[in-house]
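**Student:** All residue numbers for the sequence shown refer to our numbering, where the first residue is 1 and numbers rise by one.
Just so you know, these hints were derived from the structure itself, not from any lab. C-beta atoms are modelled at their ideal positions from N, C-alpha and C, and glycine is treated no differently. Treat each hint with caution, since some may be false.
Unchecked claim - Distance windows between CB atoms, simulated:
no. : residue 1 : residue 2 : range
1   : Thr367    : Asp178    : 16 to 26 Å
2   : Gln227    : Asp495    : 36 to 46 Å
3   : Gln602    : Gly574    : 15 to 25 Å
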Amino acid sequence: MWSSRVVVACSLVMSAVVGAQGPPPPPPLPVPSAPGARAEWLAPAHAVAVSGVVVDAATGAPIADAVVEVSVGGRLIRTDAGRPRTSDARGRFVFEGLPPGDLAVHASATGFLSSGFSPESRASVDRFPARAGEWVSDLRIALVRPAVLAGRVIDERGDPVVGVNVGVLERVRVAGADHYMSGRAAVTDDRGAFRIIDLTPGTYLVLVPGAEAAVPVTPARLPFPGQPPTPPPDMDGLRRTYAPTFHPAARDVPAAQTVTLHAGETREGIDVHLDPVRATRLSGAIEGPTDWIANIAVRLIPTGGTGTSTDVIETRTDGQGRFTFDRIAEGAYTLVATRRWSELTRGARLGEPALRPLVSPGVGNATTDLESGPPGVRLSTSTMAGSHALVATQPLVVSGDAMSGVVVTARPLAALRGHLTREIDARHPTPTLQPAGGLLVDPADGSVQAGMPRSDVKPDDPATTFTIAGISPGPFHLRSSFGWLIKSVMWNGRDYTYRPFDPEGDGDVNDVQVVVTNAVATISGTVRGLDDVAAGATVVLFPTAPARWTHYGLIPVEIRRAQTAAEGRYTFTGLPAGSYALAAVPASSPIELHEDTFRRLQPQAATITIDWGESRPLDLRAIGGQP
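Please build the complete structure, drawing on both the sequences and the hints.
**Tutor:** As structure tokens, then:
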């Protein structure tokens, strides 16, 4: 669900400052002899130094008193060398005596957002390699000011609606398709006015949740800061309610108006008008195994909604599988009883709390970073104890005063079963965790609600057989994790290494032959502009074969995006063998991982063919000159 907390902790986009544009670092560090040069320093001999400047992304003005933190491998350094620094009057900071490795530098300042969500590229890379004895002297941390959205909620008489929740849903493109995810929220005051702050630049829907009241056996969700709108009084014996309503007065997404916000912008007059609709009481039961139907989540998903937890109505069954929704708006829904569901959420970098859906007691939550979406967007999966191999679902048209006796029967979801073979390359380290436990399903069409079911094998089990249960209908890829890569996938005599499975209906996929390897490939290099090493470029990697530009799923292995770090360096690792195209574009250029982007970049992209386990350099020239 939404979070209404004010968050000022923020991360950064790091880009190299070329030549004289960078501020002179504080002593005692030496000054490089040329732009991008590395300085060797001796005390201590194997340590790393990092220095740079924090600036306002819009104006370039230095930000004083920003808090700067450094981490190695995603963890803060708990020594004096890694203690947080405060930028000086010229925005400068310096760290000395750091351990070598993949460093990340994060900055926060009151009144600024993470520049990982910058108004143009929305790109962020917060790790860069630093070698022993190296001084990374040219970091530029650009922080972005937040946007604000304000308006009023009024009812059918034009009166203010007081104390109700208003939230935003951010539109993001994931796996080449548009999706919505829950964002921040506010509560209306005594004038019906609301003000939602700390918004990242982007496109939003504005929603007032409806007055629907579920009757759960146990609490189905944690409360919002405010309350749902009070249902209007019954009229002529008919029960009435307020349905979820989007700005300006729409019940579904197609009729809603989106709001696009830029960095630092304040948009007012985004009002929401509530009109009462006829209410219905819906009750029924879920049929299935006794232990599965008891205390299970029953969700009503409005047709034409976002499918997020913000406009889904939820309750729980009792011990016999019975459920009741007391006051819901007439209309079309899909009823789903399940013990696992997924949606998109905004992740957080070091020192910044994530925005996650609120979950009920007894519900676990896990997130997965998505290569196919904007940086910081994750798949959030909520799970309840019990089998995830079943689902009960049925479309419903709700009308009249009451609908009772609705029975929805559980059915098994598809499963994939197979045999796994390891191929070990002695040139590369063998991952600690076993590969069978890291196999998972990736929906090829980017269906978020389908989630990414995993293997039933424990991570430390060296099993050679596996089962992945609970696979929703639709095409899907088989993926591997834990540092292993899938080398080949064969089923019924056909190669499914890059082809998605698409079984008919809920049919199982049996006897799949999978080969995994630790021989990951790496491509790295530097990006150069017209005159020197480029800074702040976004590097896009994609396969040269156009057939692989679509239906690549939520976590594609052949499609990546990275931003250059110090000295214009970039690295893509964990790649399978293949033929790739790479293009570097200015960080200010909007980049979406979509077939239209790949088609536009391909004529100017550099190409490279790499074998399993190879590590090859490839320097790039930025498209369009100096970023």
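**Student:** Decide, hint by hint, whether the structure agrees.
**Tutor:** Going through the hints against the structure:
1. Between Thr367 and Asp178 the Cβ separation comes to about 21 Å, which falls inside the hinted range of 16 to 26 Å.
2. As the Cβ distance of Gln227 to Asp495 is approximately 56 Å, the hint placing it in 36 to 46 Å is violated.
3. Distance hint check: the CB atoms of Gln602 and Gly574 are about 23 Å apart, consistent with the given range 15 to 25 Å.
Hint compliance for this structure: hint 2 is the single one not met.
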